[in-house]
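A.B. asks: So the sequence lines, in the order shown, correspond to chains H and F. One point on numbering: in our numbering, the residue at position 306 of the first sequence is 306, and numbering is uninterrupted. One point on numbering: in our numbering, the residue at position 17 of the second sequence is 17, and numbering is uninterrupted.
Hint data in this document are derived by calculation from the structure and do not stem from the laboratory. Incorrect hints may appear among the rest.
[As the list claims (entries may be wrong)] List of simulated lysine to any residue pairs, SDA-like, C-alpha gap at most 25 angstroms:
| id | chain 1 | residue 1 | chain 2 | residue 2 |
| --- | --- | --- | --- | --- |
| 1 | F | K17 | H | K544 |
| 2 | F | K12 | H | R24 |
| 3 | F | K28 | H | D485 |
| 4 | H | K282 | F | D53 |
| 5 | H | K282 | F | K12 |
| 6 | H | K362 | F | D53 |
| 7 | H | K544 | H | Y572 |
| 8 | H | K78 | F | Y93 |
| 9 | F | K127 | H | V237 |
Residue strings, one per chain:
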Amino acid sequence: MPAPIRLRELIRTIRTARTQAEEREMIQKECAAIRSSFREEDNTYRCRNVAKLLYMHMLGYPAHFGQLECLKLIASQKFTDKRIGYLGAMLLLDERQDVHLLMTNCIKNDLNHSTQYVQGLALCTLGCMGSSEMCRDLAGEVEKLLKTSNSYLRKKAALCAVHVIRKVPELMEMFLPATKNLLSEKNHGVLHTSVVLLTEMCERSPDMLAHFRKLVPQLVRILKNLIMSGYSPEHDVSGISDPFLQVRILRLLRILGKGDDDSSEAMNDILAQVATNTETSKNVGNAILYETVLTIMDIKSESGLRVLAINILGRFLLNNDKNIRYVALTSLLKTVQTDHNAVQRHRSTIVDCLKDLDVSIKRRAMELSFALVNGNNIRGMMKELLYFLDSCDPEFKADCASGVFLAAEKYAPSKRWHIDTIMRVLTTAGSYVRDDSVPNLIQLITNSVEMHAYTVQRLYKALLDDISQQPLVQVASWCIGEYGDLLISGQCEEEEPIQVTEDEVLDVLEGLLVSNLSSPVTRGYSLTAIMKLSTRFSSVNRIKKVVSIYGSSIDVELQQRAVEYNALFKKYDHMRPALLERMPIMEKTASNGPTEIVQTNGEAEPSVVEPKHPPPVGQPASQGNDLLDLLGGNDVPVIPTTMPTKPASAGGELLDLLGDLSLGLSLMAFYLFDLFKTVNFLSTGIPPMTAYNKNGLKIDFTFERANPNPNVAVITIHASNSTEADMTDFVFQAAVPKTFQLQLLSPSSNVVPALNQGTVTQVIRVLNQQKQQLRMRIKLTYIHKGSAVQDLAEVNNFPPQSWQ
Amino acid sequence: MRFLLLFSRQGKLRLQKWFTPITEREKKKIIRDMTTLVLARQPRSCNFLQWKDLKIIYKRYASLYFCLAVENQENELLALEVIHRYVELLDKYFGNVCELDIIFNFEKAYFILDEFLMGGEIQETSKQMVNRCIEASDMLQEVRSTHIKSNNGLKSEF
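Only chain H is shown next, with the shape it has when bound in the complex (with noise of 0.2 angstroms):
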């Protein structure tokens, strides 16, 4: 049997293959000599084969039948085997394979070779890839390598004693006797590994951690040592003596200082000596400086060494080095909580990093920036970023806006600035903006009554310019079909109005639907709001004939709607203007976030949700299911003052509540759409009542028939107060008997002004199907004089015209 072809030989005649099938000949035949060569157990070439197999793995070919050959390289005496052997166990096997546990007593005796080369050897497989089981075997013996006092072995002990602790943590006490004397090493490899096993052991144990506190000293003096020796050529690094050690010791020095007051002290001097004579012209340095930033920040520092740190992190934000620059960014978004002041005097720097060409500093730029905004800034803040959001990568862009968002919600200046800055996002960054933020900002829109025709005009005239970017389809859609009535009436006190005529908006309407641009989604959007102009416009016979026509659709979604749109206008056209009415202000429920979905309150019942939109709906319905029974008179439910609806899905509710267009036309519906203003009441001439009148606080009731349903009674209630003081934070409740379904608007105020200066407003709608008598139980909180005053009244005094 010829001698098996050399190493060298071998990757010279692979890397001549042209082809990649041809490598793969080659690496066959190759394969199938070392298997046949394995196989006859050939002492004296399997190092070779082994190596060559180990060369054919690095290329991605299988190499698992040479596993076995890689033991008996490693039982071998000769050096030159173990060292193959030992590395092809390192490549080959990891403690997923069986094999794997019979190195163990190979390593055992080799940890105990005479020869320091070859014990080194395994104290490296064992700290490399060492499982659990051959640890636990092993332990004794690295700790017995440990007290030695052949530095080239105990550096090794150590850094296996680290992997043996990172595999079996319990074995960790078992090192402490061992760690006694290992900083007086002179030796730079040992003590380098000795301050990472203790940070090891300190970080995995708070009693380690308590136990080398002690050490302080003795690392604050060996940094000291370092720094102010002079030139030694073993370990200097562009003029800096062992600048691995001296990170290593800061770093171990920050986990000794962290909550501890004494340790910090110990350290500060030591500290400031580094940051201020560290040497700044190239990356060592500013490694050092680095680490020392950290380290100052994360201990109990006086404030006068955190100033310096933040100034070392402004500096690096001022290098020409990129990576400094990088590096100084992440430093600054870990303080930017902490020492907000600090870093806010580097705002100007941060926000230019913005438009820096490399990726990764835009990134933390852009973080960075989105954490330093405050009230203050925001103006100046938010043109930086939006400025970024027109000109950055798509990969930014969503990110970017949602941080926009955010930022705008808490520091929004104004209404019309805030509605601005959203309308900027969505013209310039639209398709990329989360889909969670559509109801967002349509919550934000609503709640921002003064604005509605500022709003509705802009999106209209961004619609007429661009109908690709489909969150602002979507918003501008859902706003003209709730306020499309201010949009024609021509009146918008914050810009120029324009003339738009309702055939011009129904035009731009249906445009949304027959668009290939348009989603499924938007579609939807849009057909709900053709439908809801149909009681602000006077153009019914149009939106009549649009709803007919999706009637076929082939879009199952939009064909129910316009089905159930168009039931509206057949069977139900007397419902039609209440269910169509305007939005009222939506109550804020979970925080907004931009990565969060949004929730409604958790007492809503989910029980109908448009399928289309993640946030449930909420369920006033279920406030009628909430509601006492007086008859067993229990405490007062608290009754939300408004409803936590979703508008986005408000096509969405109304479709699945006609779902089964029986008359049992859930008044669900009829309270979903609740009415705000402008509802044309049939006047009914039923006298006023006063419903209390106690310590000052006087409440009327006035009343009115609700149009078109008779069995609603419109409730007005008037608070007002004749005492010297103002009563604030009124709040009014009400519950009724469960035959009855009540429902409360929001109130004017919530302070009642002293000696009858003003009343408190509110409206309640009964719907008192069964024509029972009504009976009100009333709760009142307000503050009055300094001290909360509460009281229950029950109300019997109903005139019988109100429920009969």
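Take the given structure of chain H and dock chain F to it, following the hints.
C.D. replies: Chain F in isolation, oriented as in the chain H frame:
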């Protein structure tokens, strides 16, 4: 440190050192991800990028990319120094090291690495110490009856 990879500009792997146990499949995937990510970087970008929960530090030396993955609390600037130190060690050993040296003597590159790093930590901070140990170990290697001297005088054992 989690892993160290060396690969050429064409994405061919020249060295792989894993400091935690990972399956073969995972390794292949990571290698693919790293080569894609690093090779796609603009020439003058910073040497750091974020990948999953790790920081990736990479640097190009001639035709080879050195790619080191560290945990989030580690010092990236120092990681650059670690890479540089390894290159210096290779350079001292091979004399003006180039990619070919590492291709043809990959096992030596590993031996040197194993004297410099262990279990993801630095074991020796002195250049001279590492070199002395490698040379001494080389001396221990049994010489074959026939051997060919390669162009830089190293014994070609296998």
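A.B. asks: Checking each numbered hint in turn, tell me which of them this model violates, lowest number first.
C.D. replies: 1, 3, 4, 5
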